[in-house]
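Student: Knowing the structure of chain A, use the given hints to seat chain B on it.
Respectively, the protein sequence lines represent chains A and B. Note that this note's numbering numbers the first sequence so that position 88 is 88, with each residue one more than the last. So this note's numbering is basically just the index in the second sequence, starting at one, shifted up by 358.
There is no bait here: all hints are sound.
Straight-line alpha carbon distances no greater than 25 Å define the calculated SDA-like cross-link-like pairs of lysine to any residue that follow:
| hint | chain 1 | residue 1 | chain 2 | residue 2 |
| --- | --- | --- | --- | --- |
| 1 | B | 650 | A | 72 |
| 2 | B | 650 | A | 78 |
| 3 | B | 465 | B | 555 |
| 4 | B | 655 | A | 117 |
Hint data in this document are derived by calculation from the structure and do not stem from the laboratory.
Protein chains: 2
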Amino acid sequence: MTQPFRFELLGERNGIRRGRYHTPHGSFETPCFAPVGTRAAMKGLTPDQLRATGAELILANAYHLFLRPGHELIARRGGLHRFMAWDGPILTDSGGYQIFSLAHLSKVDDDGVTFSSVIDGSTKRLTPELALEVQRALGPDIAMILDECPPGNADPAVVRRAHLRTLQWARRARDLHDSWGGASRGQAVFGIVQGGPDPELRAESADAMVALDFDGYAIGGLSVGETKAQMEIALEVAADRLPADRPRYLMGVGTPEDFQTAVRRGVDFFDCVTPTRHGRNNQAFTREGILKLRNLKHAEDDAPLDAACGCVTCRLYSRAYLRHLAIAGEMLGGVLLSIHNIHYFQDVMRELRAEAEG
Amino acid sequence: MTQPFRFELLGERNGIRRGRYHTPHGSFETPCFAPVGTRAAMKGLTPDQLRATGAELILANAYHLFLRPGHELIARRGGLHRFMAWDGPILTDSGGYQIFSLAHLSKVDDDGVTFSSVIDGSTKRLTPELALEVQRALGPDIAMILDECPPGNADPAVVRRAHLRTLQWARRARDLHDSWGGASRGQAVFGIVQGGPDPELRAESADAMVALDFDGYAIGGLSVGETKAQMEIALEVAADRLPADRPRYLMGVGTPEDFQTAVRRGVDFFDCVTPTRHGRNNQAFTREGILKLRNLKHAEDDAPLDAACGCVTCRLYSRAYLRHLAIAGEMLGGVLLSIHNIHYFQDVMRELRAEAEG
Numbered sequence: 001m002t003q004p005f006r007f008e009l010l011g012e013r014n015g016i017r018r019g020r021y022h023t024p025h026g027s028f029e030t031p032c033f034a035p036v037g038t039r040a041a042m043k044g045l046t047p048d049q050l051r052a053t054g055a056e057l058i059l060a061n062a063y064h065l066f067l068r069p070g071h072e073l074i075a076r077r078g079g080l081h082r083f084m085a086w087d088g089p090i091l092t093d094s095g096g097y098q099i100f101s102l103a104h105l106s107k108v109d110d111d112g113v114t115f116s117s118v119i120d121g122s123t124k125r126l127t128p129e130l131a132l133e134v135q136r137a138l139g140p141d142i143a144m145i146l147d148e149c150p151p152g153n154a155d156p157a158v159v160r161r162a163h164l165r166t167l168q169w170a171r172r173a174r175d176l177h178d179s180w181g182g183a184s185r186g187q188a189v190f191g192i193v194q195g196g197p198d199p200e201l202r203a204e205s206a207d208a209m210v211a212l213d214f215d216g217y218a219i220g221g222l223s224v225g226e227t228k229a230q231m232e233i234a235l236e237v238a239a240d241r242l243p244a245d246r247p248r249y250l251m252g253v254g255t256p257e258d259f260q261t262a263v264r265r266g267v268d269f270f271d272c273v274t275p276t277r278h279g280r281n282n283q284a285f286t287r288e289g290i291l292k293l294r295n296l297k298h299a300e301d302d303a304p305l306d307a308a309c310g311c312v313t314c315r316l317y318s319r320a321y322l323r324h325l326a327i328a329g330e331m332l333g334g335v336l337l338s339i340h341n342i343h344y345f346q347d348v349m350r351e352l353r354a355e356a357e358g
Numbered sequence: 359m360t361q362p363f364r365f366e367l368l369g370e371r372n373g374i375r376r377g378r379y380h381t382p383h384g385s386f387e388t389p390c391f392a393p394v395g396t397r398a399a400m401k402g403l404t405p406d407q408l409r410a411t412g413a414e415l416i417l418a419n420a421y422h423l424f425l426r427p428g429h430e431l432i433a434r435r436g437g438l439h440r441f442m443a444w445d446g447p448i449l450t451d452s453g454g455y456q457i458f459s460l461a462h463l464s465k466v467d468d469d470g471v472t473f474s475s476v477i478d479g480s481t482k483r484l485t486p487e488l489a490l491e492v493q494r495a496l497g498p499d500i501a502m503i504l505d506e507c508p509p510g511n512a513d514p515a516v517v518r519r520a521h522l523r524t525l526q527w528a529r530r531a532r533d534l535h536d537s538w539g540g541a542s543r544g545q546a547v548f549g550i551v552q553g554g555p556d557p558e559l560r561a562e563s564a565d566a567m568v569a570l571d572f573d574g575y576a577i578g579g580l581s582v583g584e585t586k587a588q589m590e591i592a593l594e595v596a597a598d599r600l601p602a603d604r605p606r607y608l609m610g611v612g613t614p615e616d617f618q619t620a621v622r623r624g625v626d627f628f629d630c631v632t633p634t635r636h637g638r639n640n641q642a643f644t645r646e647g648i649l650k651l652r653n654l655k656h657a658e659d660d661a662p663l664d665a666a667c668g669c670v671t672c673r674l675y676s677r678a679y680l681r682h683l684a685i686a687g688e689m690l691g692g693v694l695l696s697i698h699n700i701h702y703f704q705d706v707m708r709e710l711r712a713e714a715e716g
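Looking at chain A on its own, in the form it has when it is part of the complex (with noise of 0.2 Å):
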């Protein structure tokens, strides 16, 4: 059987890697950013309006699917493809970050963790091993595992006592995946690199991921309240010890200035929720920096939001009326916005991809 994920590094330059990941739904340029369709669909964008940002790579959450619809009415549905009728890459989030991020409603033990239903209150159990069968049924190219992710501010006890754990459902998540055949049957799986702000515990949790023969790996336990330097950190012990040829993927993260730095260190991809709910709260990404457009000032700006972007937002409208969206509270705002949003961090990875290639 060919192997359906195959990770080149095309080029590498000022820390840049430039690369390309083969996966079963074609491949993506990276470095690159998902954008975030938590429950199966990329708020109010269709598929051909999120193509046409440049993206390839979109984000959906295993865990919001898991409560609802089910993951297993999505297989029956023919799986997240089709269901969502993107017919490109798919990566799953586990949802240990939106379990541990509800953390007065968690409980976690050795074997997994516990928790109220966001949806409904009901008590529900996620553990490594169903994590990942959940993943299995909705079927995107690459499935992370489940990850214990204490808070930034966590005791040092606690950080270190979820990266063990989070080490030892990784094995667990490898022997299964390893069981039903692993990448070679269509789906990756990567592991999560834990350790809060202690180097030391940064490098090894990298250093037993790796041990673990990982499709690729992520860098977790950044994306909330985590101060710049953390992230120094994480990157740093992630650049020294992850294999060079295996994506590196930081998870819930961030800003274009996040992504310069990352990327620099050698990150190939990033997903987050900011281009859409920026752009749903009347925010837009500009080389100008942040527009508010429910400002009064652009009530009558005839200008796009940012003259050197293509998106279909920026070619048609101007400031003026995308305030007066955002004042009448009109939904094609947050759409033009969102849409723009995620094509402006889309310029950004591609002139982070021009410069890897000089």
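Tutor: Just chain B now, with coordinates in the frame of chain A:
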């Protein structure tokens, strides 16, 4: 100066008028349905998505745009076509219907109407002249006169007074429009036949409007709580009295059944919020009737909304996916159902046009 507006009657069959209306922003085939973008936005749909449904004429509302962001602001942006990036024909309603459907907040006198803004409660006033000036600033292809719309259950005396007042306002609108050079300056103005449920009053109103020689004629006062019998009366009178060489527009109607009736009585076009409003409420028009997507029975249904529909929603998605979006409250659901519903309404019109072509 060439006349920029021309109604070509291409044929007639089973009472259906197969026509083509030429405007400064291109022609549209009739009979047709105009989707409603009240505040210069078609809810969550982009112009491309709208065009793909087959829509050629769209409607915006002068009353809403007068209040916010203001017609002068839109005029300074180059007008409505440019502002909302729709380069096809646009019609604006004058706002009569909106003002009078908030009747407890409005006070009508012979000169005009004073009302509270729906946005901030401030006192506003529209006259027949200002309604046309607002629309001249907005720059749609077709403007409507200001009319007084009594409720469907109003006293005969109230209906008669509203008809006479609308007629006086129509004369003032006609005079002002003539003083600007009439439709040759790029904007057609349509009269509105009122008269409520009384056939004699309807006839009197139609004759008087026709005597004023408008560019086209709307049949008004049928949007709120009218019975089918009242619609029949209004259509009968219109069919007998409106000139064959001018387009006929049934305002604020309605459903595919209404179209079947009215088109066979010679109505050329319609507008209604139904397809987008139903779409946002998770209801789809289909050849099987209206589907309520929240219903459990759609949870595992792999069929498209309507097997005979060629819209993007039906080409790409199952009822199961659309139900998931409805239950999860994802905005993509409203977008996809609005696209389908508008496409479905266009299909009804395409079929009626084909029938007229024999």
